[in-house]
Amino acid sequence: MHTDQRYIEALRNNDTILISEIYRRYAPSIEAYLRSKGADTEACGDIFQEALIDIFKLAADGKFVLTCPFEAFLLLICKRKWINLLKKNSRSGVTKSLDEGYHYLKDEAETEAAAHADQLEKEALVMTLLEQLSERCREIIRASYLSDSQQKLAEQLGVSYAYLRKKKSICMSELIELVNHNRTR
Amino acid sequence: MNLYEQIEAYISDTLSPDERIDFERQLAQDPQVKKAYEDWLYTEAIVQKHEAAEQQVPRLRALLEPLTSEHFREKTVTISRTGRVRKMIFAAAAVAAVLLLFVFTPASIDRYPVTPMPNVVVRGATDHGKEGGQLFNDAKYEAALPHLKAAADKDPEDVMAAFYYGVCLLKTEQPALALPVFEKLLQSSSVYQEDSYFFAALSAYKTGNQDQAKKYAAAVPQNNLYYKNAQRILKKLK
Numbered sequence: 001m002h003t004d005q006r007y008i009e010a011l012r013n014n015d016t017i018l019i020s021e022i023y024r025r026y027a028p029s030i031e032a033y034l035r036s037k038g039a040d041t042e043a044c045g046d047i048f049q050e051a052l053i054d055i056f057k058l059a060a061d062g063k064f065v066l067t068c069p070f071e072a073f074l075l076l077i078c079k080r081k082w083i084n085l086l087k088k089n090s091r092s093g094v095t096k097s098l099d100e101g102y103h104y105l106k107d108e109a110e111t112e113a114a115a116h117a118d119q120l121e122k123e124a125l126v127m128t129l130l131e132q133l134s135e136r137c138r139e140i141i142r143a144s145y146l147s148d149s150q151q152k153l154a155e156q157l158g159v160s161y162a163y164l165r166k167k168k169s170i171c172m173s174e175l176i177e178l179v180n181h182n183r184t185r
Numbered sequence: 001m002n003l004y005e006q007i008e009a010y011i012s013d014t015l016s017p018d019e020r021i022d023f024e025r026q027l028a029q030d031p032q033v034k035k036a037y038e039d040w041l042y043t044e045a046i047v048q049k050h051e052a053a054e055q056q057v058p059r060l061r062a063l064l065e066p067l068t069s070e071h072f073r074e075k076t077v078t079i080s081r082t083g084r085v086r087k088m089i090f091a092a093a094a095v096a097a098v099l100l101l102f103v104f105t106p107a108s109i110d111r112y113p114v115t116p117m118p119n120v121v122v123r124g125a126t127d128h129g130k131e132g133g134q135l136f137n138d139a140k141y142e143a144a145l146p147h148l149k150a151a152a153d154k155d156p157e158d159v160m161a162a163f164y165y166g167v168c169l170l171k172t173e174q175p176a177l178a179l180p181v182f183e184k185l186l187q188s189s190s191v192y193q194e195d196s197y198f199f200a201a202l203s204a205y206k207t208g209n210q211d212q213a214k215k216y217a218a219a220v221p222q223n224n225l226y227y228k229n230a231q232r233i234l235k236k237l238k
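Heads up: the protein sequence lines correspond to chains A and B, in order.
Read left to right, the first sequence gives residues 1 to 185 (the numbering used here).
Read left to right, the second sequence gives residues 1 to 238 (the numbering used here).
In short, the hints are calculated from the structure, not lab data.
Do not take every clue at face value.
Unchecked claim - Computed footprint of chain B on chain A, listed as stretches where at least three residues anywhere in the stretch have a Cβ under 8 Å from a Cβ of chain B:
{"#": "1", "segment": "13 to 24"}
{"#": "2", "segment": "27 to 40"}
{"#": "3", "segment": "124 to 130"}
{"#": "4", "segment": "139 to 145"}
{"#": "5", "segment": "167 to 179"}
Stated by the list, open to error - Straight line, CA to CA, 16 Å or less: simulated EDC-like cross-link-like pairs of lysine to aspartate or glutamate:
{"#": "6", "chain 1": "A", "residue 1": "Lys-122", "chain 2": "B", "residue 2": "Asp-39"}
{"#": "7", "chain 1": "B", "residue 1": "Lys-184", "chain 2": "B", "residue 2": "Asp-158"}
{"#": "8", "chain 1": "A", "residue 1": "Lys-63", "chain 2": "A", "residue 2": "Glu-9"}
{"#": "9", "chain 1": "B", "residue 1": "Lys-184", "chain 2": "A", "residue 2": "Glu-110"}
{"#": "10", "chain 1": "A", "residue 1": "Lys-81", "chain 2": "A", "residue 2": "Asp-54"}
{"#": "11", "chain 1": "A", "residue 1": "Lys-81", "chain 2": "A", "residue 2": "Asp-46"}
{"#": "12", "chain 1": "A", "residue 1": "Lys-122", "chain 2": "B", "residue 2": "Glu-44"}
{"#": "13", "chain 1": "A", "residue 1": "Lys-81", "chain 2": "A", "residue 2": "Glu-50"}
{"#": "14", "chain 1": "A", "residue 1": "Lys-122", "chain 2": "A", "residue 2": "Asp-54"}
{"#": "15", "chain 1": "A", "residue 1": "Lys-166", "chain 2": "B", "residue 2": "Glu-5"}
{"#": "16", "chain 1": "B", "residue 1": "Lys-35", "chain 2": "A", "residue 2": "Glu-177"}
{"#": "17", "chain 1": "A", "residue 1": "Lys-167", "chain 2": "B", "residue 2": "Glu-5"}
{"#": "18", "chain 1": "A", "residue 1": "Lys-167", "chain 2": "A", "residue 2": "Glu-139"}
{"#": "19", "chain 1": "B", "residue 1": "Lys-206", "chain 2": "B", "residue 2": "Asp-110"}
{"#": "20", "chain 1": "B", "residue 1": "Lys-154", "chain 2": "B", "residue 2": "Glu-131"}
{"#": "21", "chain 1": "A", "residue 1": "Lys-166", "chain 2": "B", "residue 2": "Asp-13"}
{"#": "22", "chain 1": "A", "residue 1": "Lys-167", "chain 2": "B", "residue 2": "Glu-44"}
{"#": "23", "chain 1": "B", "residue 1": "Lys-184", "chain 2": "A", "residue 2": "Glu-108"}
{"#": "24", "chain 1": "B", "residue 1": "Lys-215", "chain 2": "B", "residue 2": "Glu-173"}
{"#": "25", "chain 1": "B", "residue 1": "Lys-34", "chain 2": "A", "residue 2": "Glu-177"}
As the list claims (entries may be wrong) - Partner residues are not named here, just some residues of chain B that face chain A (Cβ under 7 Å, in silico):
{"#": "26", "residue": "Glu-8"}
{"#": "27", "residue": "Gln-32"}
{"#": "28", "residue": "Val-33"}
{"#": "29", "residue": "Asp-39"}
{"#": "30", "residue": "Leu-60"}
{"#": "31", "residue": "Leu-63"}
{"#": "32", "residue": "His-71"}
{"#": "33", "residue": "Thr-115"}
{"#": "34", "residue": "Pro-118"}
{"#": "35", "residue": "Met-160"}
{"#": "36", "residue": "Ser-189"}
{"#": "37", "residue": "Val-191"}
Quick caveat: nothing in here was measured; it's all calculated off a predicted structure.
Here a beta-carbon is modelled for each residue, glycine too, at the ideal position from N, C-alpha and C.
Given these sequences and hints, build the entire structure.
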């Protein structure tokens, strides 16, 4: 575990002091970097903030262990977000490899940061693909993880418990197939 | 019952004892069943985590928004009330001068753009880093040098001070001292890593170390600000 794990915990715990420290330490240099790549100040701020929210989601269950400097991880996510934005704006589509053009020599921290960023992207892909399911499927999958009891949930949705379970298995199989299909593409 | 119904029933503990034993046997023996089960657990864990996290995002966003505004969006607003307009004008004039020099100087390896050191004018010179940064942005490299050196020496993690100290060394024709500064930076995974490959290449070139200059120049990625400058060094070394 890297000593910068404290920043991960700060995001999980809404620790204002440490989160301010993240901005103080990393915002100027990451902004300078993104601006050198053509981003304006507003885009830099949006990218920086959304990267922090992505890290929070990745670490939300308390199991994520940071194994590289926080800056390396944050920078890599910001870079990938900016490249994604450029690709979207150029209408060339978002490709799976978001690191194109970054061929510099890699050190250990870079490799660790890339592994974290890949995990983040894989998880984001699952959530993006969830959005592609039917509204009913999304409702059932989402609600099933937020509800204490599946039987109560069936009542809330106005369906039988047996129907809910069958429908959930169909919806999950659709989601799993989508994930596997996109992973191997 | 199809495979996914079986998985759902196994997880929700609604299989009969015999069905449960049968499913566990399949799980142990059939790789396809095992993979489908693992895929289910993987997908479920992610959705569960992200759905729960999503509930807390508005609170985090409310905390981040003002910090983002403070650090990214309100810099220009503070300029008019800080009394540092003169310095801003000097900085702008210096940048314009650098740009003019950039435009009219014949192509050479010393014709490279330098981005101003961020966060030094608006907030004032309260330490070596900021004092050095202001002088650097005013193109007063000799004067900036001791301040940036002090800032870089004081905090080895201050990659920004180290980077601009290195550029200052190059600007004051001290490439032999600049080279180790950039060599350290290009191993740091910081935002200055890519740019440092170019400056390390330039430092190596100026100290006559052609092999190192080639190696570092070749590592500058195509979408980097200094890619063309790095290619110019490689061309000179052919």
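These are the hints, each one checked on the structure:
1. 13 to 24: holds (count 6)
2. 27 to 40: It holds, with 10 qualifying residues against the three required.
3. 124 to 130: Result for this restraint: holds, n = 3.
4. 139 to 145: holds (count 3)
5. 167 to 179: holds (count 8)
6. Lys-122/A x Asp-39/B: holds (13 Å)
7. Lys-184/B x Asp-158/B: Within the cut-off at roughly 12 Å; holds.
8. Lys-63/A x Glu-9/A: holds (11 Å)
9. Lys-184/B x Glu-110/A: holds (15 Å)
10. Lys-81/A x Asp-54/A: holds (11 Å)
11. Lys-81/A x Asp-46/A: Given pair Lys-81/A, Asp-46/A holds - Cα atoms ~10 Å apart, limit 16 Å.
12. Lys-122/A x Glu-44/B: holds (13 Å)
13. Lys-81/A x Glu-50/A: Answer holds: Lys-81/A to Glu-50/A is near 9 Å, not above 16 Å.
14. Lys-122/A x Asp-54/A: Answer holds: Lys-122/A to Asp-54/A is near 12 Å, not above 16 Å.
15. Lys-166/A x Glu-5/B: holds (6 Å)
16. Lys-35/B x Glu-177/A: The hint holds at about 12 Å.
17. Lys-167/A x Glu-5/B: Cα-Cα ~9 Å, so holds.
18. Lys-167/A x Glu-139/A: holds (11 Å)
19. Lys-206/B x Asp-110/B: holds (10 Å)
20. Lys-154/B x Glu-131/B: holds (14 Å)
21. Lys-166/A x Asp-13/B: Status holds; Cα separation ~14 Å.
22. Lys-167/A x Glu-44/B: holds (15 Å)
23. Lys-184/B x Glu-108/A: Roughly 14 Å separates the two Cα atoms, so the pair holds.
24. Lys-215/B x Glu-173/B: violated (22 Å)
25. Lys-34/B x Glu-177/A: holds (15 Å)
26. Glu-8: At 4 Å from the nearest chain A Cβ, Glu-8/B passes the 7 Å test, so the hint holds.
27. Gln-32: Hint on Gln-32/B: violated, closest Cβ of chain A at ~12 Å, above 7 Å.
28. Val-33: violated (13 Å)
29. Asp-39: Since chain A brings a Cβ to about 5 Å from Asp-39/B, closer than 7 Å, the hint holds.
30. Leu-60: Leu-60/B check passes; min Cβ-Cβ to chain A is 6 Å, inside 7 Å.
31. Leu-63: Status holds, d = 6 Å.
32. His-71: Hint on His-71/B: holds, closest Cβ of chain A at ~4 Å, below 7 Å.
33. Thr-115: holds (6 Å)
34. Pro-118: Hint holds; Pro-118/B Cβ to chain A Cβ min 5 Å, cut 7 Å.
35. Met-160: Where the cut-off is 7 Å and the nearest Cβ of chain A is about 5 Å from Met-160/B, the hint holds.
36. Ser-189: The hint holds - Ser-189/B has a Cβ within 7 Å of chain A, the shortest such distance being about 4 Å.
37. Val-191: holds (4 Å)
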